[in-house]
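**Q** Use the sequences and the hints to build the structure in full.
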Amino acid sequence: MEDRLRVQRGGSGDAVVLLLHGLGATGDVWQGVHEQLADGPCRWITPDLPGHGGSAPLERYTFGHMAAALAELIEDHEHVVVLGHSLGGVLGLTLASGWFGNSVDRACGLGIKVAWSAAELSGAKAYAERPNKLYMGRSEAAERYLKVSGLGGLVDIEDSRVDYGLVGTPDGWRLACDPRTFAVGRPDVPGLLAASQAEAVLAVGEHDQMCSPEQVREVDENATVLPGLGHNAHVEDPGAMVKLISDLLS
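For the sequence shown, UniProt numbering gives the first residue as 1, with consecutive numbering after it.
Wrong hints could be hidden among the right ones.
Claimed, not checked - The list that follows gives simulated cross-link-like pairs (lysine-lysine, DSBU-like), each with its CA atoms no further than 30 Å apart:
no., residue 1, residue 2
1, 243, 133
2, 133, 147
3, 125, 147
It should be emphasised that the hints constitute simulated quantities derived from the structure, not laboratory data.
**A** Pasting the structure below:
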């Protein structure tokens, strides 16, 4: 499966951190973290999730299917920690279960939405059933990508981090993300924490509008709250993520 994934690698050191982005985004959202990890203390592996960016789609999207597609990236590494955002956080916890034969030492789920309404689940299912819209210009498509990925106001439409979120065609531009990924459903975060064979923790931005610290601490009373940050804390403050990674490695 690895040859079907767009994967970025870098850093140095014995330990490996797997960085997993959220729904609708690409691995490029970790660019600021990549830059700060260039000289260690670990190597990093950052894929585009299946059906996102430059990675191939899956026939079916479940947390298990997506985690299985990522497992090959870390199977040959002895010391692995996973830091995943939102959907990526769920997949990180899924990998930490050991169900896929790999060994994860520690996993942190950042900004995982733990409380879902029926309307939210219905809306996600409806979005998944619609084909990607075609836009005449890149700018219009980029604005839509930033909205869908939650990066609006954080990343400019001309930023290189937008590039793999879009696909140019002879007829126009569309989002790269397979809309069917939005039907992956509600994660059982308490169940995943209980099933984890690794040390698993949650983290959340103090001002996260998708999942409040109060909601997250109902699931994990020891969850880390990141002061002054919102849902995309890894984009807002890469340095805070490097500290979080250092804590996971210690």
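**Q** Do the alpha carbons of residue 243 and residue 133 lie within 30 Å of each other, as the hint requires?
**A** At roughly 39 Å apart (the allowed maximum being 30 Å), residue 133 and residue 243 break the hint.
**Q** Next pair to validate is residue 125 with residue 147; report whether the Cα-Cα distance is within 30 Å.
**A** The hint holds at about 18 Å.
**Q** Check the hint pairing residue 133 with residue 147 against an upper bound of 30 Å on the C-alpha distance.
**A** Holds, at roughly 14 Å.
Comparing the model with each numbered hint stated earlier shows that hint 1 is the single one that does not hold.
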